[in-house]
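Residue numbers (this note's numbering), protein chains in the order written: chain A, 1 to 112; chain B, 1 to 116.
Since the hints were made in silico from the structure, they are not lab data. Mixed in with the good hints there might be a few duds.
A few chain B positions that, by computed beta-carbon distances, are all more than 10 angstroms from chain A [claimed, not checked]:
1) 42
2) 43
3) 56
4) 66
5) 71
6) 114
Below, in silico cross-link-like pairs of lysine-lysine (DSSO-like), each with a Cα-Cα straight-line distance of 27 angstroms or less [to be verified]:
7) 15/B / 22/A
8) 68/A / 15/B
9) 109/A / 71/B
10) 109/A / 62/B
11) 71/B / 15/B
12) 22/A / 42/A
Take a look, some chain B residues computed to stay more than 12 angstroms from chain A by CB distance [said to hold, decoys possible]:
13) 15
14) 55
15) 86
In this text, a Cβ means the ideal position worked out from N, Cα and C, and glycines have one as well.
So the chains spell out like this:
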Amino acid sequence: GENVEQHPSTLSVQEGDSAVIKCTYSDSASNYFPWYKQELGKGPQLIIDIRSNVGEKKDQRIAVTLNKTAKHFSLHITETQPEDSAVYFCAGVTGGGNKLTFGTGTQLKVEL
Amino acid sequence: EAGVAQSPRYKIIEKRQSVAFWCNPISGHATLYWYQQILGQGPKLLIQFQNNGVVDDSQLPKDRFSAERLKGVDSTLKIQPAKLEDSAVYLCASSPGLAGRRETQYFGPGTRLLVL
């Protein structure tokens with residue numbers, strides 16, 4: 001089955017700096033890669049996603065890049081703000097269903 | 001639009017007891033998922049329903065876990081008997097279309113279970 005690895009496990013940045021989180025996946029058939037943000041006591045919430053036929057996608061301060069050859073994808077957050085502090089999960093989807101295989105998460109802390 | 005509802009939010013039980021969780025997905029969503037999230041890890045899919053049929057339950061420990069989605073709307077997940085390692089957050093999610101579509105899954109707030 002699919003295996004998704006995520007790095008780093010914790011990331012601390014100063015407000016206004018950029019943050020980058022990287023993930024690798026094992027199944028070359030995976031074709032959908034969402035990123036979720038999880039705040040304390042809440043369920044994960046989708047922030048951006050990318051499909052395998054696209055190399056990059058951007059939504060305001062958030063961007064995701066995908067390298068199918070290397071089987072890795074990354075989340076980029078620019079101009080970080082304190083409200084960006086949360087746990088971020090990458091995920092991959094393969095197979096006939098819409099089953100998400102999540103990474104282990106990155107605790108992002110944006111310091112004032 | 002109302003989100004995914006789950007209850008209870010918290011539950012504390014002793015090992016070998018039984019527990020049940022309830023989920024009401026977003027209205028009209030065909031596909032419903034139950035995930036288990038152990039502290040410090042990403043959610044892991046337990047079972048996926050399309051309407052009232054099971055699509056994937058390959059990671060559900062069937063000797064103790066069961067789930068149903070009668071009438072294709074709300075769903076219950078049961079653990080009987082519970083073990084210490086079942087302590088986790090149980091997340092319910094739903095998505096609008098059929099099981100094979102690559103689309104957003106909307107998560108509820110989860111039920112935090114502690115087994116003593």
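Practice item. Just double-check residue 55/B for me: nearest Cβ-Cβ distance to chain A has to come out over 12 angstroms. Key: Check fails; 5 angstroms does not lie beyond 12 angstroms.
Check your understanding: Does the claim that residue 43/B lies off the interface hold, with its Cβ farther than 10 angstroms from every Cβ of chain A?
Key -> 5 angstroms, violated
Practice item. Compare the distance between the alpha carbons of residue 109/A and residue 62/B with 27 angstroms, and conclude whether the hinted pair is satisfied. Key: 39 angstroms, violated
Review point. Keeping to a limit of 27 angstroms between CA atoms, is the pair of residue 68/A and residue 15/B held or broken?
Key: 45 angstroms, violated
Check your understanding: Against chain A, does residue 66/B keep a CB gap of more than 10 angstroms to every residue?
Key -> 19 angstroms, holds
**Study point:** 10 angstroms cut-off, C-beta based - residue 42/B kept clear of every residue in chain A
**Key:** Per Cβ check, residue 42/B is inside 10 angstroms of chain A; nearest 3 angstroms; violated.
Check your understanding: Do the alpha carbons of residue 71/B and residue 15/B lie within 27 angstroms of each other, as the hint requires?
Key -> Violated. Residue 71/B to residue 15/B sits at ~31 angstroms, over the 27 angstroms cutoff.
Review point. Is residue 109/A within 27 angstroms of residue 71/B, Cα to Cα?
Key: The hint is violated at about 43 angstroms.
Check your understanding: Does the alpha-carbon distance linking residue 15/B and residue 22/A stay inside the 27 angstroms limit?
Key -> Roughly 38 angstroms separates the two Cα atoms, so the pair is violated.
Exercise for review: Quick one: work out the minimum CB distance from residue 86/B to chain A and report holds if it exceeds 12 angstroms, violated otherwise.
Suggested key: Answer for residue 86/B: holds, closest chain A Cβ roughly 19 angstroms.
Practice item. Compute the least Cβ-Cβ separation between residue 56/B and chain A, then decide whether it is above 10 angstroms. Key: Given that some Cβ of chain A is not farther than 10 angstroms from that of residue 56/B, nearest at about 5 angstroms, it is violated.
Check your understanding: Would you say residue 71/B is clear of chain A, with no C-beta pair closer than or equal to 10 angstroms?
Key -> 21 angstroms, holds
Consistency note: the structure conflicts with the earlier hints numbered 1, 2, 3, 7, 8, 9, 10, 11, 14.
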